[in-house]
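Q: Chain residues, written in single-letter form:
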Amino acid sequence: SQKIEQNSEALNIQEGKTATLTCNYTNYSPAYLQWYRQDPGRGPVFLLLIRENEKEKRKERLKVTFDTTLKQSLFHITASQPADSATYLCALPLYNQGGKLIFGQGTELSVKP
Amino acid sequence: DTGVSQDPRHKITKRGQNVTFRCDPISEHNRLYWYRQTLGQGPEFLTYFQNEAQLEKSRLLSDRFSAERPKGSFSTLEIQRTEQGDSAMYLCASSPRTGDTQYFGPGTRLTVL
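As they're listed, the protein sequences go chains A and B. The numbering of the first sequence is the working numbering, which starts it at 2 and goes up by one. The numbering of the second sequence is the working numbering, which starts it at 22 and goes up by one.
By construction, these hints were calculated from the structure, which means they are not laboratory data. Each hint should be verified, as a subset may be incorrect.
Simulated DEER-style distance windows between Cβ atoms [to be verified]: (1) A:Arg52 to B:Gly24: 20 to 28 Å; (2) A:Thr27 to B:Arg80: 14 to 22 Å; (3) A:Gln98 to B:Gly93: 18 to 26 Å; (4) A:Pro114 to B:Ser87: 45 to 53 Å; (5) A:Ser2 to B:Arg30: 40 to 48 Å.
For every residue, glycine included, the Cβ atom is placed at its ideal position computed from N, Cα and C.
Could you build all of it, start to finish, from the sequences and the hints given here?
A: Put into structure tokens, the structure is as follows:
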């Protein structure tokens, strides 16, 4: 069955540095991949979607890459700020199953001032 | 507010009681999804609707769980004879169609004592 793995350990970085989060998947070839942000006690908030024919996508300080050969996506936050501290979730859609999403377990990011 | 809304935000109940949660999707989104999330894990798919039709149910959804979307607008998720293992965050999401981004509500946090 399809499986997604994200950095299991929390990521602690200094303000101003670039945070890089990893998402690896197996047993699947998704048409696209999504990244969400989740704050404690809240629902996930959509950040970026990258399609299989896109190698890289940017939105403000966020950058996502998608390597379908390695079956990996990298999520970068440049010039990180304490307000970026949250859990970041990687999600793949099962297109032939109504588009339901399979999520990784999430990576908790903490940006220290 | 035109986002996905859920009610209640928090529910504490005793084991054996029935509970019902409500989700109001973004207007004109015909796809509605329910997910469950436990601490330290990503959301797990429970069921989804296209308009009023329930098209798939996860094996996580035991016979004690039932979901409806009577008029293709709001949805309810009912859990009968709650168990302590049902304690989790229940998330609702909606999208215009398969393959589109899913937008999540704030979730309902259920605690079963």
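Q: Each hint: holds or not?
A: Structure-based check of each hint:
Between Arg52 (chain A) and Gly24 (chain B) the Cβ separation comes to about 25 Å, which falls inside the hinted range of 20 to 28 Å. Taking the beta carbon of each, Thr27 (chain A) and Arg80 (chain B) are about 20 Å apart, inside 14 to 22 Å as hinted. Taken as a hint, the range 18 to 26 Å holds for the pair Gln98 (chain A) and Gly93 (chain B), whose Cβ atoms sit roughly 20 Å apart. Evaluation of the 45 to 53 Å hint for Pro114 (chain A) and Ser87 (chain B) yields a pass: the beta carbon distance comes to about 48 Å.
For Ser2 (chain A) and Arg30 (chain B), the Cβ-Cβ distance of about 33 Å falls outside the hinted range of 40 to 48 Å, so the restraint is violated.
Consistency note: the structure conflicts with earlier hint 5 alone.
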